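J.: Note that the protein sequences, when read in sequence, are chains R and G. Number 114 in numbering that gives the first Met the number 0 belongs to position 115 of the first sequence; there are no gaps in the numbering. Number 80 in numbering that gives the first Met the number 0 belongs to position 81 of the second sequence; there are no gaps in the numbering.
Keep in mind that a hint or two might mislead.
Note that the list lumps identical chains together, so a pair holds whenever it fits in one copy or between two copies.
Said to hold, decoys possible - Dumping the calculated EDC-like pairs for lysine to aspartate or glutamate here, alpha-carbon to alpha-carbon at most 20 Å:
1. 165 - 37
2. 186 - 69
3. 149 - 188
4. 149 - 189
5. 248 - 212
6. 135 - 249
7. 54 - 189
8. 135 - 237
9. 149 - 37
10. 199 - 31
11. 43 - 136
12. 186 - 29
13. 186 - 321
14. 42 - 237
15. 77 - 328
16. 149 - 49
17. 50 - 25
18. 50 - 237
For the record, the hints were derived by calculation from the structure and aren't laboratory data. All figures in this text were calculated on a predicted structure; none of them were measured in a lab.
2 protein chains.
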Amino acid sequence: MILALDAMGGDHAPKETCLGAIEACELHSDLEVLLVGDENLIKKELSSVEKNALKRLHVVHAEESIGMNELPTVAIRKKRHSSMRVAMQMVRSGEAQGCVSAGNTGAIVAGGVLVIGRIQGIDRPALGVALPTLNKDTFLLDVGATVRCKPVNLYQFALMGDFYAKHILGVNSPNIALLSNGTEEIKGDEVVSAARDLIKSSHLNFYGYLEGDSIPFSVADVVVCDGFTGNALLKFAEGLGQAIYSILKEEMGHRVLPKVGMMFMLPMLKDLWTRFDYEKRGGTPLLGVNGAVIKAHGRSKSTAIKSALSVARSFVLQQGVELIKQELEQGGER
Amino acid sequence: MILALDAMGGDHAPKETCLGAIEACELHSDLEVLLVGDENLIKKELSSVEKNALKRLHVVHAEESIGMNELPTVAIRKKRHSSMRVAMQMVRSGEAQGCVSAGNTGAIVAGGVLVIGRIQGIDRPALGVALPTLNKDTFLLDVGATVRCKPVNLYQFALMGDFYAKHILGVNSPNIALLSNGTEEIKGDEVVSAARDLIKSSHLNFYGYLEGDSIPFSVADVVVCDGFTGNALLKFAEGLGQAIYSILKEEMGHRVLPKVGMMFMLPMLKDLWTRFDYEKRGGTPLLGVNGAVIKAHGRSKSTAIKSALSVARSFVLQQGVELIKQELEQGGER
């Protein structure tokens, strides 16, 4: 399998992207990675790699790159030779079966739609995240591709979430919940309540409305919301994790007994941390576009890049795009 | 000062509401509480209270109460003799200077608007919460009164948040942030970006857009968003806290060393818990209505009711409604 990697995308590119590609190839013997970006920089990063490993790493030169703060649509349209756009064009042309980028999220979404194109029957794409919750993962979408949604967008997100939970996360008959401001049917605005009617009358296993406090308790396999709310939730959770960590560190700093206690607790805390470590679990699929496009976190180090490449590989192996199309056909049968 | 308490509102009413009123009167010697609800039930709860304390507790009979799952607008309109509505009518008539309820949130919002009325110049009310963050509290509004907003609603929330942070939370020149899906000006939908323009051109100390991950790091004194998103964030945070607690308990269950460590850490964890304990900090003001209306958490025990009554008392002492009117006049000068 050949995957294209935007080697210039992310805060730690190209060093960590190149390292991530190497690690991914070590992990998956069927994998070849096209490293798209500044040829000289990439080759420098690969200079210390042993010859055998290099066989499955190919450099594709792209003279431009898209910055984190550039206007997404403008950048993707104008920078025709940017690493991100070139990587996506290789998916479109079939030279690569999927692509990964840790770059500008808006540009990934815009590029997915403009360069690769939407799946017929999907009006707007969604970014989904497998959120670690109490007993399992909950797949939350959209976390930022489509800021505000129409009911039909939320309905299509539900269909795509169902596909992802079933075929990528391996959940039997996933239950799909719609985020609202209360569980009673009278809650939600017109958009949310119209989306509820659409999902309810489909073949999906619909849980109903769900309020934010239930998400961490694993009550649903898939939670659907608009990209504004999903982004706020995901980022808030990330920020809370970081804040709690820094509070613990600060408290540790000026107390003696807790330090002793901490030593005993370290193995447990390490386990917990792994459970919630987005980097190690990395790889957010852009669902609804006509190819495997996986976004990695902007702060990705090599492990997160490797993980995102693994997610892309699974998506391709499971024939993700084809299955979404099937899901849409089933959804159309309502 | 006389405050009306919806003695029948909340999961633990009337026992805990009555206890909370007693505790509040013990704390504030200037306070009298009108306990509104089923006379027999309330008197039973007060039967063991010593005579002296009873002088500042008055029972006001109300034969109905509004359930947690009733349709808010219908319930508040039809149940004219409900404890919540009667408490609000006493605010309107001036018999009480403010009121507190731990009942149906939607009914509190509907009652605030329909029974007490909006402040002139405020189109929609907002519920605000002082969220504990790294170094201080951040006042988040709206957390559920106005599900979807127009730009002018968000602008008015910013004005009311400014007032609350200054006069109730005691922050000098609070900075006001607008929640968005990114910090760059190109982020946000039309509503959020139009609200940004309104706030930016006002006298307010505007921080700009803020993404969810910054909230826990205390970068803003006030964070403004629509009630749908604010509700999702607040509930999610509550759920996360509960989930982390149960994970810790579960992990503790089957490990020995962490238990030893935990013993050492208990004082620290207790401090942390107090910092994040919504119950002890309770009392969510319904801003924008023509009187002091404070919502307590549905699961309130006596401490939370006491705390909500204290918040109502501060709001009245600080002449909250008058100050919001002044803030609006200043806002009008833009």
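J.: Work down the list of hints and note, for each, if the structure agrees.
T.: Results for each hint:
Taking the shortest alpha-carbon separations for residue 165 and residue 37, neither the intra-copy value of 38 Å nor the inter-copy value of 52 Å comes in at or below 20 Å. With identical chains, the CA atoms of residue 186 and residue 69 are at most 20 Å apart between copies only, with a shortest distance of 11 Å across copies and 38 Å within one. In this assembly of identical chains, residue 149 and residue 188 lie within 20 Å of each other by CA distance both inside one copy and across copies; the values are 11 Å within and 13 Å between. With identical chains, the CA atoms of residue 149 and residue 189 are at most 20 Å apart both within one copy (9 Å) and between copies (15 Å).
Only between protomers do residue 248 and residue 212 lie at most 20 Å apart by alpha-carbon distance; the minimum there is 19 Å, versus 27 Å within a single protomer. Only between protomers do residue 135 and residue 249 lie at most 20 Å apart by alpha-carbon distance; the minimum there is 15 Å, versus 31 Å within a single protomer. Proximity of residue 54 and residue 189 under a CA criterion of 20 Å is satisfied in neither setting, with 55 Å inside one chain copy and 49 Å between copies. In the homo-oligomer, the alpha carbons of residue 135 and residue 237 lie at most 20 Å apart both inside one protomer (18 Å) and across protomers (19 Å), since each shortest distance falls under that limit.
For the homomeric pair residue 149 and residue 37, neither the shortest alpha-carbon distance inside one copy (40 Å) nor that between copies (46 Å) is at most 20 Å. Within a single copy, residue 199 and residue 31 get their C-alpha atoms no closer than 42 Å, and across copies no closer than 50 Å, so neither meets the 20 Å cut-off. Taking the shortest Cα distances, residue 43 and residue 136 never come within 20 Å of each other, neither inside one copy (39 Å) nor across copies (48 Å). In this assembly of identical chains, residue 186 and residue 29 lie within 20 Å of each other by CA distance neither inside one copy nor across copies; the values are 49 Å within and 40 Å between.
Taking the closest pair of Cα atoms, residue 186 and residue 321 never come within 20 Å of each other, the shortest separation being 35 Å inside a single copy and 32 Å across copies. Taking the closest pair of Cα atoms, residue 42 and residue 237 never come within 20 Å of each other, the shortest separation being 34 Å inside a single copy and 49 Å across copies. Taking the closest pair of Cα atoms, residue 77 and residue 328 never come within 20 Å of each other, the shortest separation being 35 Å inside a single copy and 47 Å across copies. Taking the shortest alpha-carbon separations for residue 149 and residue 49, neither the intra-copy value of 52 Å nor the inter-copy value of 59 Å comes in at or below 20 Å.
Only within a single protomer do residue 50 and residue 25 lie at most 20 Å apart by alpha-carbon distance; the minimum there is 13 Å, versus 79 Å between protomers. Within a single copy, residue 50 and residue 237 get their C-alpha atoms no closer than 39 Å, and across copies no closer than 53 Å, so neither meets the 20 Å cut-off.
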